Amino acid sequence: MTSDTTLQDTPSLDCEQTVRLLWDYLDRQLPSIDLDAVDRHLHQCKANCASHFEFERAFLDVMHAARPQVVASDTLRLRVLALIASERGTATDA
Amino acid sequence: MSSAGNAPIAEKTQTPAVELAAAGAASAELTKAGAADEFERDALACLDDVARFARSLARAADDADDLVQETYLRALRSRHTFRAGADMRRWLFTICKNVFLRVNERARDQVSLSEDPSDDTMASVRVHHAMMHAGEEILFDRLSTSDAIAVALDALPEPFKVVVVLVDFEGYGYEDAAEVLGIPVGTVRSRLFRARRLLQERLIAHARDAGFSVTRTAPTSRKHT
Chain A
1 MTSDTTLQDT PSLDCEQTVR LLWDYLDRQL PSIDLDAVDR HLHQCKANCA
51 SHFEFERAFL DVMHAARPQV VASDTLRLRV LALIASERGT ATDA
Chain B
1 MSSAGNAPIA EKTQTPAVEL AAAGAASAEL TKAGAADEFE RDALACLDDV
51 ARFARSLARA ADDADDLVQE TYLRALRSRH TFRAGADMRR WLFTICKNVF
101 LRVNERARDQ VSLSEDPSDD TMASVRVHHA MMHAGEEILF DRLSTSDAIA
151 VALDALPEPF KVVVVLVDFE GYGYEDAAEV LGIPVGTVRS RLFRARRLLQ
201 ERLIAHARDA GFSVTRTAPT SRKHT
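Taken in sequence, the protein lines are chains A and B.
Numbering follows the working numbering, in which position 25 of the first sequence is assigned residue number 25; successive positions increment by one, without gaps.
Numbering follows the working numbering, in which position 98 of the second sequence is assigned residue number 98; successive positions increment by one, without gaps.
It is worth saying that the hints were derived from the structure and are not from the lab.
Quick caveat, the model's predicted, so the values are computed rather than measured.
Under 10 Å between C-beta atoms, here's a sample of chain A residues computed to sit facing chain B:
id : residue
1  : Arg20
2  : Arg67
3  : Gln69
4  : Leu76
5  : Ala85
6  : Glu87
7  : Arg88
Even glycine gets a Cβ: it sits at the ideal position worked out from N, Cα and C.
Go ahead and model the full structure; you've got the sequences and the hints to work with.
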């Protein structure tokens, strides 16, 4: 298959179809043929869909940055270790 | 387990990376000493991940720790169901999610979704238009978004919250999230999209409350190709 054929096979999307696929596109959940189709539409529709895409991407960036920075406290770890020891004893008793 | 508190996640949990690394190293030493077999070792190696996942769901530190403890209790008692070589982290997340949703069972039953995908599409366009009027960079640059997201996330129906945490915080793909949640991939997708739109709407409301000039507009002026 030539690259020309691939380009011809790429479906043409309108704005509504593109917006519907934006999250899948940003989350890398689309098959390559749909990725190409969204790419093409975003390239052509800078005023609306490309702007919408940038907004959704910025939103996802702040979402990722908002992930809690957490490690289990030693207190919690001790609680879990005590639990393990206790369950081990239960299993042995049984 | 007591009810979740109202303090934002970020305010209560953000710790300098150096301190986190030091805490992690100390905890790892503690872990090595406590594990008797491979199952326990693998389960304990996931403790930080489970603690973070629980904190994303329960928010209040005490509730999150209770959630972690209950998760490990159930995991230990059903360890015979864990297949050797399976993904321990995903298995523990599944248990943690089940415990969390059981505690919040009433909320789980209240979820309803429109079957019409165009509703979500138009809602997404509407939110984008509202943001364009403010200038999205204004919102994302000036808003204290971590706090705002934590508050908005806490207000979501629990099943929506769990999907967002798995995909946007923990980096799961839709199929993996569907496995953890025990629901079809299409349901993950629809809940995620709806949840993100709700979060965006709440961020806009938060921006308005914070005094930023955000105007809610209908998408009538947008020309569709």
